[in-house]
Each structure stands twice: as C-alpha cells, then as structure tokens.
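Chemist: Since chain Y is already given, all that's left is putting chains H and A on it; use the hints.
Chains as they are written, first to last, in the working numbering: chain Y, 426 to 835; chain H, 30 to 323; chain A, 2 to 321.
Using 27 angstroms as the maximum straight-line C-alpha spacing, the simulated DSSO-like pairs for lysine-lysine come out as follows:
| no. | chain 1 | residue 1 | chain 2 | residue 2 |
| --- | --- | --- | --- | --- |
| 1 | Y | Lys621 | Y | Lys593 |
| 2 | Y | Lys479 | H | Lys145 |
| 3 | Y | Lys699 | H | Lys145 |
Chain A stretches covered by chain Y per the calculated footprint, using a threshold of three residues with CB under 8 angstroms from any CB of chain Y:
| no. | stretch |
| --- | --- |
| 4 | 131-140 |
| 5 | 215-224 |
| 6 | 259-273 |
Here are the computed distance ranges between Cβ atoms for each label pair:
| no. | chain 1 | residue 1 | chain 2 | residue 2 | range |
| --- | --- | --- | --- | --- | --- |
| 7 | A | Gly269 | Y | Lys771 | 31 to 37 angstroms |
| 8 | Y | Leu629 | H | Gly169 | 22 to 28 angstroms |
| 9 | A | Ile11 | Y | Glu826 | 53 to 59 angstroms |
| 10 | H | Ser33 | Y | Val563 | 41 to 47 angstroms |
| 11 | H | Ile180 | Y | Asn598 | 29 to 35 angstroms |
| 12 | Y | Val563 | A | Trp145 | 26 to 32 angstroms |
| 13 | A | Pro78 | Y | Leu629 | 40 to 46 angstroms |
| 14 | H | Gly92 | Y | Glu484 | 44 to 50 angstroms |
Simulated from the structure, these hints should not be mistaken for laboratory data. Quick caveat: nothing in here was measured; it's all calculated off a predicted structure. Note that the Cβ used here is the ideal one computed from N, Cα and C, for glycine as well.
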Amino acid sequence: MKFKITIIVCTLMLLGGFTIAGSSSAAEPYHLGVNLAITGTGALYCKDGVDAIKLAVEEINAKGGFLGKHSVELFVRDTHTKPDVAVREAKDLILRDKVRAILGTYSSACAVAIKPVAQEYKVLHIPAISNSENITKVNFSPYTYQVVPNSYMQAKAVVLGVAELAKKKGWKNYMTIASDYEWGRSTQNNTVALLKQLAPDLKLKKEFWPRLGETQFTSYITAIMGQKPDFVIGSVASKDNVAWIQQAKAYGFFEKIPYPGSLISVSELIVQSKSLTRGLVGLCRAPFFAHLDVPMMANFVESFKAKYGRYPSDWAVMEYDAVYVLKQGIEKAGSIDTDKVKDALKGATVDTTRGQLYFRKIDNQLSCSSYIGVVADDSKYPFPIYHDVVEVKGPDSWRPEEEIVAARAK
Amino acid sequence: MDASLVFAQFLSGLSRGMMLFLIASGLSLIFGVMNILNFAHATLWLVGAYFCYTFWFLMQDYGFGLWLSIPLAALVLAAIGWVIEVVLIRRVYNRELPEQLLLTYAMVLILGDLIKIIWGVEDKLIDRPPLVEGPVFIFGMPFDSYFIFVILVGLAVAVGLWWFLQKTRYGHIVRAAVFSREMVSALGIPIPRIYSGVFALGIFIAGLAGAVQAPIGSITLGMDMAVVIQAFCVVVIGGFGSLLGTFVAAMIVGEVYAFSILFWPQGALVLIFIVTAIVLIIRPWGLFGTPTRA
Amino acid sequence: MIRYWWLGLIFIAMLFLPLIIGEFWVHVAIEILILGLFAVSFNMIFGYMGQLSFGHAAYFGVGAYATGLLLVKTSVPLPVALMVSMVTAGLFALVIGYFCVRMTGIYFAILTMAFGQMLYYIIFQWYSFTGGDDGLQGIVPPEWLMSASAYYYFTLFIVTAALIVMWFISESPFGYTMRSIRENADRTRFIGINVSNYMLINFVVAGMFAGLAGGLLGPFNRSIAPDLCNWHQSGVPVFMTVIGGPLGFFGPMIGSVIYTFLFAFVTGFTEYWPLTIGLVIVFVVLFVPGGVLGLAQSKFKAFGSRDLMAETQGSTDTET
Chain Y
426 MKFKITIIVC TLMLLGGFTI AGSSSAAEPY HLGVNLAITG TGALYCKDGV
476 DAIKLAVEEI NAKGGFLGKH SVELFVRDTH TKPDVAVREA KDLILRDKVR
526 AILGTYSSAC AVAIKPVAQE YKVLHIPAIS NSENITKVNF SPYTYQVVPN
576 SYMQAKAVVL GVAELAKKKG WKNYMTIASD YEWGRSTQNN TVALLKQLAP
626 DLKLKKEFWP RLGETQFTSY ITAIMGQKPD FVIGSVASKD NVAWIQQAKA
676 YGFFEKIPYP GSLISVSELI VQSKSLTRGL VGLCRAPFFA HLDVPMMANF
726 VESFKAKYGR YPSDWAVMEY DAVYVLKQGI EKAGSIDTDK VKDALKGATV
776 DTTRGQLYFR KIDNQLSCSS YIGVVADDSK YPFPIYHDVV EVKGPDSWRP
826 EEEIVAARAK
Chain H
30 MDASLVFAQF LSGLSRGMML FLIASGLSLI FGVMNILNFA HATLWLVGAY
80 FCYTFWFLMQ DYGFGLWLSI PLAALVLAAI GWVIEVVLIR RVYNRELPEQ
130 LLLTYAMVLI LGDLIKIIWG VEDKLIDRPP LVEGPVFIFG MPFDSYFIFV
180 ILVGLAVAVG LWWFLQKTRY GHIVRAAVFS REMVSALGIP IPRIYSGVFA
230 LGIFIAGLAG AVQAPIGSIT LGMDMAVVIQ AFCVVVIGGF GSLLGTFVAA
280 MIVGEVYAFS ILFWPQGALV LIFIVTAIVL IIRPWGLFGT PTRA
Chain A
2 MIRYWWLGLI FIAMLFLPLI IGEFWVHVAI EILILGLFAV SFNMIFGYMG
52 QLSFGHAAYF GVGAYATGLL LVKTSVPLPV ALMVSMVTAG LFALVIGYFC
102 VRMTGIYFAI LTMAFGQMLY YIIFQWYSFT GGDDGLQGIV PPEWLMSASA
152 YYYFTLFIVT AALIVMWFIS ESPFGYTMRS IRENADRTRF IGINVSNYML
202 INFVVAGMFA GLAGGLLGPF NRSIAPDLCN WHQSGVPVFM TVIGGPLGFF
252 GPMIGSVIYT FLFAFVTGFT EYWPLTIGLV IVFVVLFVPG GVLGLAQSKF
302 KAFGSRDLMA ETQGSTDTET
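So that you can see chain Y by itself, here it is in the shape it has in the complex:
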C-alpha cells in the first residue's frame, strides 16, 4: 500500500514539476538563438563565430536593441557537429527559449537539417558558416537567408583560377580529397563538374573521401604521393584541414604536388602561421584584410581586436554580418514580427563588412564574393595573409537561375 502511494505521489510531483518548469514567458526582448558546433570538428571556427555574435549583440544593445527598444537576448546551443543534435537543439531554442531567429550552423548537414524545422515553426534561419549549395538550391525555405558564398560559388571561383593554371602548366590529370559529408561532397561535385566544363581535357584520376573528424591522414598522403597526379584539389573541413595540412607538410607533399585552390581560411592562416607553406594558392570566404577600405569592416576589426586580443577570421566576419543583416531586416520591416522581417529581407540590399550586397530572390543567397590569393608573409600582421587577392564577385560565380529552376523541378 505504502509503495503504491509513493508511486502516485511521485507521479503527481512529476506532473507538478513539468508544469512549473514548463511555464515560461516570452516578452519584448528579442530572443536570438545561436546553433553552432561548440564541440566537435567545427569548434575551431565556431568559437570565433560566437565571439563575433556577442560583439555585435553588445553593440546593438548599447543603442537600445533592435529598433532601439528590443534588447537582444542570446541563447547559444551546441550542435556537436551532428545533424540530429542540431535539430534537437533548434527545437529547444524555438520551444523553450522562444527564439525568433537562429544563427549558425557550422556543418552544412546541420544547416540542411534545421532548415525545415525553422520553416515549420516560422523562425528565421541564417547560416553563416555552413555553405553547401543544398541549403539554398533545393527545398527552398523562405525563412532561410544565406550570407556565405555557397559551395557552387566557391567551386566556380577555384575552377576559374585552376583552369588558367592548368593551361599554363600543361597539367593533364588530378585527384581530389574531400571530407565525406554534405559540404565536402557538394564542393567536390561542383568543382569536378565545373572543371569538366571549363577544362574538358583534364582527367579526374581518383577521389579520396576521408571521414569528417579524421585525424590521421598518413595513408591518404602516401597513397596520393605514390600515384603522382599533376595536381590535387582539396575540400577538407576545418579541424581536419589543420591536421591534413600539417601532416602533409611533414611528408613534403606541397613541394612535390601542386595543391591549388583549397580552403585555407583566415583561421588556418593564423593557427598554422609558423608551418603553413608560403606560396600556396588558397581560397577563402571572408578575409578581413580584403575589405579594410569598408568603414564597417575597419571598425569591426578594431573592436574585435580590442575585445578579444586577436584578429577576426572569416567565420567571425560572417556571423557579425548575419546579426547586422537581421538588424537591417527588422528595420526595413519596422517590426520584430518574423514574417514581416522575412518579407522585408527578400531581394533586399544590405550593408555588410564586405560592402553593400543584396539577396538574390530566387534562393535568398547574398551576393558575396569568394577570394583567391597566394599565401605570403606580411609585415602588418603576425601571421601570413593572402597577396595578389582575386575577388570573384557573387553574381559572377553563382549558379544561373535556369539551372536552379531545373533542379527544383526534378
């Protein structure tokens, strides 16, 4: 008897617990959610991103918040670089923390995963590191706005450069090494397809697909070097990229085999400043040093350096832009109501640290540029930057609208 009563009492207490815990109130502050890979492969990039977001939110709150009256409350969650965790955290953010917009994610797979959730609950979704084309090309969501040059744009930028180089140097065949997940696949597929268009004589000899989170690249390095391709194109993700470059260097890889156009973001430039091979031709998404003539960028770099004691990477730049894009959308709409903001952002022109850009209507993609350059030391900074920077503008590199329409029709 006593035991049954205990069970019943416990159940009632639990129900009570649910009720008390469940009651929360959302008020006038603007709840902003951040869903990034704080742990996992993306941690390196995401720390910068979160720091930049915090800086932006501080600046905005110093002026009273959005529209001068809605102070911004930040809710940061960890996706662990796993899509199912990302979905779960996104739901948490939406249902428990009542956020109106979600910034993030790192992994493109996570972005693709939370896109329909954001759409279902009518919450704005601004990926600022993930850039797989599949976020914008197919399964279009009017709530998702992309502020990163997508994988097609980046691939096209690389291919334009590589095709030139191949002609000059008489290259005949190549290999690819790409992280086996959404972004890696999307980038590699686009690169190969575009190369076939622009340099049809080049032969793809072999593809290598290390898994996301791979720490030992030795076997890949020896396999590639053993087969002696004319050049190699790499799309290795974040932390893995650091390990890959460092390990390959120990084998003298970069002296033997040309490695043009792989993603060497400002993060890699800073972290590997001592060991990175100078003269590599690399690609990145938002280098601060390419836009110091834009006042917003110059101010941002100064504030970021003052607050955190370091220079901002691409990811910091783009997450900062994401917050300010949201701010401008709210101002255009004159309200924090999510549907009004999303309509206001459609096709809108916005001011970013990378200049004045606009969103293309068909896929909500920002007209941002990709940047190719040569890794070189610079007296102004304690780490190498890119010299001879070639800025490939968004509208010159994004996928033609007819192809998008065709892809969506399928």
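Modeler: Quick look at chains H and A alone, frame taken from chain Y:
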C-alpha cells in the same frame, strides 16, 4: 600499382599499428591481470596528450621541450591512474561485469568533460622540433620522420613489458596473480597493491602513447571515441592478456586500414569490425589468448 | 490485472498531460516514452536474461532508418512503416543474435558491440542510400500527427500497447524460462530446454521492440542520423535501466523518466551533461546498485509476489 606505393602504404600502416599497440597494450595488461575492461583507457590516453601539450607549452622556448614533456606526461598519468584505481576501480572488483563496465564508461564521460573544462574546446597544436619536422626518404618514398620515433617507442614498450613480465620478480608476481589471486595473497603479498601498480603501469603506457601522439596533427576533443573502439578490437583479436597477441593484432589492424584506403576506402572501418566479429565467433579468446581465460 | 489499478490511474493522468504543460515539455514526454520503450526492450535481455548487450542501439537505429526511409522515399503510411521497422529490426536481431547467444558474459557484450559498430559504419558509409553522416532529413509524420500533442497521444498508445505485450511475455512460462536461464543456464539445460534457442527468441523480441521505438523517433525529430546505432546510444538504455532498477518490469521506464527529465533540465543551463550523468552513474553503481526500484523495495517490503525482486530476495510478500 607499383612496389613503391605498396611500400608506402605498408609504412603508414606500420605507424598506425604502432600507435594502436601503444594504446592497446595498457588495456590488454589491465584486463589480463585484473579482469577489468577499462572503457576509459583511450580517454586517459587523450589526457596524456593534453598534459604533453601543456608541458611543451611551458617549455616552448627550450629545444628539448617536447622530448621532456612526453615522459613527464606519462608519469602524471601513472599517478592519476593510481588514484583512480584506489578511489573507484577497487570498489568494483567483486561486482558483476555490467557494473564494472558502467563504472569505466561513466569515467569516459566524466573525464571527457573535465578535459573540456580544463583545456577548453579549441584544438591544441604542438610545433614540432626541427629534428622531426620534415620527411625522411626510405627507398625514395617520403616518410614522416616523427614516425621513426613512434616506432622506436612502440618497440621499447613492447620489449620493456616483455622483460618486466618475464624477467623481473615483480613481473613474476603479477603473472602469478593472474593465475591465482588466492595463492599470491596466501604468500603474504598484498593483492590490492599489485593491482594498483598494474593499473598505474597500464595508464602510464596510455599516457605515454597519448603524449607521443600529441605532435601528430592536432589534439582535439573526442579523439578518444574513435580510438577506444579500435583498441578494443585489437585486444579482442590478439587475445585478452597476451602481449604478443596485442602487438600482432595492432599491426594487422593498422595494415588492414592502410591498404583498404587503396582498394575499398569506404570499408576501412567496417572491415575491422568484421574481423573482430569473426575472431570472436570462431576463436573468442583471440589469436594468442588461452581458452581458460573467460 | 486488477491489482495494478494504480497503473491505470497513472495512464489516465498522462492523458491529461498536454493540457497542463507547455509544448516543450510535451516533446520531453514523448522522448521519455520512446526511450523508455527502448530501455524496457533492452531490459528483456539484461534484467530478465542476465546478459549485457552493448549493441542494442543497432536495432533502434535500424528501426529508425526503416521508418525514415519509407516515409521519405515512399508514401507508405506511418503505422505500416512502424510494423516494417519491427520486422526489419527483428531480422537483424535474428542474424546478429544467432552468433551472440552462443556466448555469455564479456564476450556477449563485446560481440554485440562489434556488430552494433559494424552496422553504424555501414549506415555511415552507405551515403547514396542512407545519406551517411548527413543523416536523413525531412521525415514528416502524416498531417494528423504533426502537432506535438497529437504525436504524444499516438506514442502513448503505442508504447502502452507494446509494454502490455512485453509484460505478458515476461509473465508467461517463456518469461520464467528466461529467468531460470539467467539464474543458472546449465541447470536449465539439464531440464531439457534448448537454452540457445530461447535466448535467441528473447533477443529477437527485444530487438523488435527496440526497432519500434526507433521507428517512432524519426517522425518525431524530423531527422535521424547514423549515431543512433553508435555505442553511445547503446549506453543510454543501460543507464536508464541501472538508474531505474533492472529487477523490475517498470525499472527502465522509471529510469527513462529520470534520465530524460534530467537531460532536458540540465541542458537548459549547462553544456556539461556528460559530466553530470557520469557522476550520477558512478553514484548509482557504487551506492544504489538496485536502482530506484531496489531502493524502493528495501524501504517498502510489499511489491507484489510475482516480481523479479521478490524472487531474488526470496521473500513471499503478497500485494496489499
């Protein structure tokens, strides 16, 4: 497919195998002597790597920094291992298997978060000393010079363990304890202290392995997860409690992985589990284990 | 049956849940039910048969992918997909179990783990079919189940039905044979029972219900990933069972309530969930080995004569 490519893959498999042996040997020792399957072994390995980083960081300005950090980290881990054994492991000797496994699994979670709290989430990168920065050329194929060091350490550990177990008095006592705890106890030798020593030794090797791993690539959270399962497979394939078995199995697993990159890259990881399952089904005590151990 | 009228009371209370609590906690409740079903199915092997399976998540994951793939790629209705999940998981359990039931103890544990990992890596690498590391997105339940409350009731009914079935199995002669295998497999063999066959049947049934739980998870989360087969996922039902108590039928469900609730609560204000649950497990293993049920049993002697704990304690208490 020419001979130099095969040789290159063979070498990379060898280095991978050596790393696995370093990790798995401690695991095999602990299980062989104490019958405890230490899930947290790879996590302690990772702690060793982080400690190595911290010591190296403090001694950055000295050329020998790295070479001193490695043994220091291993010693710290031995101490940690001793403490863990006395505080936690000792309490579950007389318990059932599930509780022992759960305890060590819980340690994985706890230690993992402690690493996060102490060292943060960013990757740690150790700059290699110039001696081992570039490649060496073996028969014309480039080979990471640091791996020569790894292979040397692996061989040293293998020989050291063998000599300890076969040639020293302490080692004889340990082997006797495996055979019969009661007899050794009856001879007046305190079993708890033997166990603490063995556990500490096992963790020392794990810490050494972690410290040796540290300059390869970067040190990141979650590295232990991928490794612990492979270490388990090595111990199972080789046979619980057999040092030779662990060595051979580590080499096998390393080479299987290296060569499957060439032929069946997707299958590299699956292949290892298939081999493990086959060994467990046909010969559960492993290639070199003895059937009496259960 | 009448003895358990208070369970009926709890069931009725749960029917009112969505009306009292916010949507977020309804989501938590759904999760408690799904994971609880998973844990109870695990306990059929652990508590009733006495073996530790460290690869039970394999069937959970298979069930999730079966339903997920059917919903995404075909227009099969959800109830049918769930049945397919159960059958598919059962088939996998049959094949894997065939090898595993021939051994016990640590070998059983490691072999189940090895198979679980094998399945994990196969799903992980088979990008073209399963989406690999990106997981499977866009798994939507039918219109009438889109809202959280609707899905809650759906899950509640299915899980309750499954629990009732498993309860009957555990209280049947088959269930008692399981317990005797747990206590002493050799003696059971001596009375003419084919122990391996019985263990296999139990393994398959447990796998089927794990598959059902997995099938329910996909449409709820709208997304699944290969991690559902990983050994970490296999650890979850072990934790729940140990916390709740392996020697009672409802132990794992109680464990699910505590674990899931704790998870939802703790992750609201800290990222160090693994540290928290690790410490809880160490505490439970060292100081409360029988779990919540064990604790309750020692405090309140009456718990029904046909319960596992009463048997192992040797007491003959009757229901009061």
